[in-house]
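Q: Each chain, letter by letter, is given below.
Protein chains: 2
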Amino acid sequence: MFEKHIYANRRAQLKKSLGSGILLFLGNEESPMNYKDNAYHFRQDSTFLYYFGIKEPALAAVIDLDGDETILFGDEMSIDDIVWMGRQKTLTEKASDAAIERVLPAKELHQYISSYITKKQKVHYLPPYRAENKTKISSWFGLSVSEISNRASIDLIKAVVAQRSVKSAEEIVQLDLAASLSADMHQVVMQAARPGMYEREIVAKIHQAAMASGGQLAYPAILTVHGQILHNHYYGNQLQEGQMVLNDSGLETELGYAGDLTRTFPVGRQFTPVQKDIYEIVLQAYTDAKDLLAPGIRYLDVHLTACRTLTQGLKDIGLMRGTVEDAVNAGAHAMFFQCGTGHMMGLDVHDMEDLGEQYVGYTDQLIKNTTQFGLKSLRLGKELQPGYVLTVEPGIYIIPELIDQWKADNRFKEYINYERLEQFREFTGIRIEDDFLITENNSRMLGKHLSLTVSEIETIRSSV
Amino acid sequence: MFEKHIYANRRAQLKKSLGSGILLFLGNEESPMNYKDNAYHFRQDSTFLYYFGIKEPALAAVIDLDGDETILFGDEMSIDDIVWMGRQKTLTEKASDAAIERVLPAKELHQYISSYITKKQKVHYLPPYRAENKTKISSWFGLSVSEISNRASIDLIKAVVAQRSVKSAEEIVQLDLAASLSADMHQVVMQAARPGMYEREIVAKIHQAAMASGGQLAYPAILTVHGQILHNHYYGNQLQEGQMVLNDSGLETELGYAGDLTRTFPVGRQFTPVQKDIYEIVLQAYTDAKDLLAPGIRYLDVHLTACRTLTQGLKDIGLMRGTVEDAVNAGAHAMFFQCGTGHMMGLDVHDMEDLGEQYVGYTDQLIKNTTQFGLKSLRLGKELQPGYVLTVEPGIYIIPELIDQWKADNRFKEYINYERLEQFREFTGIRIEDDFLITENNSRMLGKHLSLTVSEIETIRSSV
Ligand SMILES: [Mn+2]
Ligand SMILES: [Mn+2]
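Chains A and B are the protein sequences, given in the same order.
Note that my numbering has the first sequence beginning at -14, numbered continuously upward.
Note that my numbering has the second sequence beginning at -14, numbered continuously upward.
Hints in this document: simulated from the structure, not taken from any laboratory.
Accuracy of the hints is not assured; some may be wrong.
DSBU-like mimics (lysine-lysine), calculated; alpha carbons at most 35 angstroms apart, straight line [unchecked claim]:
| id | chain 1 | residue 1 | chain 2 | residue 2 |
| --- | --- | --- | --- | --- |
| 1 | A | K21 | A | K40 |
| 2 | B | K143 | B | K92 |
| 3 | A | K361 | A | K300 |
| 4 | A | K367 | B | K21 |
| 5 | B | K40 | A | K392 |
| 6 | A | K361 | B | K74 |
| 7 | B | K40 | A | K40 |
| 8 | B | K1 | B | K74 |
| 9 | B | K1 | B | K104 |
| 10 | B | K74 | A | K398 |
| 11 | B | K261 | A | K74 |
| 12 | A | K(-11) | B | K21 |
| 13 | B | K40 | B | K(-11) |
| 14 | B | K367 | B | K392 |
| 15 | A | K92 | B | K21 |
| 16 | A | K21 | B | K107 |
Given only the sequences and the hints, what does the whole structure look like? Please build it.
A: What follows is the structure in structure tokens.
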């Protein structure tokens, strides 16, 4: 945990931006794997961590906007709990570490909330994403599960997003650490891969690094020779000379802050000429995008810059044609780049994704264009501010099923050279990703440098 | 997956033991970590795996007892799904691999069930343990969440338990594999531990082994220098000369079968004399218990035998006193052995724990004594049958908080030498655990031999 005044200050700042009523925060419960008592590793809710810092299941907290009170709801351990799980700090001690003075038993929360509902006072809650918490909200507020999200407090969402979006000094230390630990792990992977290994053997090294660091993986590792599959979690392929390995993985620090890095490297010592050509295009897009990062710039424009650089590069090698500007406006580049250039990052790898993309990545003035393939997957569009932390992760992905579908529809044939593209069907994909902090004047990369250029990567692969 | 006829045969056998109506099986959904799309690794429900074999989220299946139909409910991938997750077999192909002929869209399940409820035909379901499935059952059957388990089908529970309890030849192959892979991993751990290492660095090796095997951990690893904490998931201690490491961990095969092994070894090259004395007591209890395993023997008696051996040994070193039989009947040994000697194992490490201990571990005739501390944690009491797979895992655990509580109450002072026990407060704990199959005449250990005796373990620790 951070020092206790940090949590007190965060809560005080939150209170200032809201009116009357109470703020309800539900921590996460244990998440059962195949029966109740065989649970996945516990992950506390990020907003709960942010304001209360306690990593323990089945807690809730309330901030009274009209009084001056924060209450933690939860139960102390019984002797049976101690036998099975060991003596820990008492809940009262943990509460005190977060500057919370009052602890009540978990079962009193329902009654506490009901009294406010009865008095017709506003009870603000955030949209729950875990089914256990949906069930609680549904029962306490007398709502069907489908109504829950609509009744979440937009005022509270906006206040939390505003606060969590701007990272404080102690958070930046954590995010630098997460990025550096992640870079170390990527370096290990880049040195360990050999033709003949299975993907899962490399994923095993990623898990080892995560556990040894005292944290966890921030998200399930994407480690694949099929880099075109954007969220590939299958690890059964054997690495073959001539292929590339795409490694998108990051560690979460003990305090819960994420790193999110991607590198793509050859299974052999060198990229093939075609792989190298396309790698250079992605790297140029990465460079053009990151060089734009600064307060006042819309991330939508960072994204469009990356798209234009990719399109120009694809034009240079004959896979696209026509005017770059027109191709990108039409969305033709999404044949090769189906997703967004980046996203906010913090306590969540896609920071605050549970609170709603319209609040985290967009504004009331900049509402997302939701129809265009590609652009609809851009999680962040709005103007950047100092303290924002985000990723830059352009890529080029050749997806045979997408070629077949678009080609059959004659889609964007003025911009896409389908004939030449057929020769690239089995190319797979390349992504490059780093994490950045928006500073007062521009930006800086978080963590330490991780081999990035073709020559840096080939140097490592040739020396193994 | 197994061959398709295996799933067809399992379902045919289940149908025979039940009357009329339909059987509803809910597969698991993705389990969100910190927002909906950042999920833990997917674990299918074990009963769903047993009858349908498909490891994919958000499926359900229905067996019509009156007709001759099995229907899988689920959705085929969209082009967006393929872009993000890659082309897989279609759901229809997966269904066919499990000998299921009919696939309907997920949204039709509610209507399908409603038609049976309307016709007042029996819809059998198993007690759900994940909140997502509780919500579905609650809504489809018009039940409050607290009523759901009471309305689960006892006939179906009993039929599934009877069938899953007796392992078939192809399951035993899997369980042997799980135990052998787990033994390999334990051997690596026993060779890798060094004074000065952190527990998490060793847990990292366990995770690495699990991932590299193509499976997962069957349960969160217990790897600790505080072996007295039965379900310890804190990995922050540094190993010190003179301490012991307790490693309770097991791998799950790709098809979902568990291994569950425990070894306790010295951080240094040798056990201390006191550690060795107590290790020998636990090993004797392990030997006496496993030697009893055979069809027709109640596991309750296996447990009580282990308890008596532990008590005799503790008497020999002056920690207990009085008549062994009386001490065990009174439950005094539970100061040192607070849990059960073992549990059923299969697709779940505690097999079918979601279906209810009264059905899995006990019978209508043998109902668990729920009040006595220690005995109340025995998950398995009933008579053993050929094909049962279970663990034997006696231990001795010194829990300071328990000493303080019982001593203050003068509890069992005729059997416990509290004065001498004070000298053992910091002893921590020892457990030894292997997995066994009940055969036609007696039993055999699953998997390969893993260093067990003091001399075997010290040989390994001295050669590192
Ligand atoms: Mn990312
Ligand atoms: Mn066990």
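Q: Each hint needs a verdict: does it hold in this structure or not?
A: Here is what the structure says about each hint:
no.	hint	verdict
1	A:K21 - A:K40	19 angstroms, holds
2	B:K143 - B:K92	29 angstroms, holds
3	A:K361 - A:K300	23 angstroms, holds
4	A:K367 - B:K21	22 angstroms, holds
5	B:K40 - A:K392	33 angstroms, holds
6	A:K361 - B:K74	27 angstroms, holds
7	B:K40 - A:K40	31 angstroms, holds
8	B:K1 - B:K74	31 angstroms, holds
9	B:K1 - B:K104	23 angstroms, holds
10	B:K74 - A:K398	30 angstroms, holds
11	B:K261 - A:K74	32 angstroms, holds
12	A:K(-11) - B:K21	30 angstroms, holds
13	B:K40 - B:K(-11)	14 angstroms, holds
14	B:K367 - B:K392	33 angstroms, holds
15	A:K92 - B:K21	27 angstroms, holds
16	A:K21 - B:K107	26 angstroms, holds
The structure agrees with every numbered hint stated previously.
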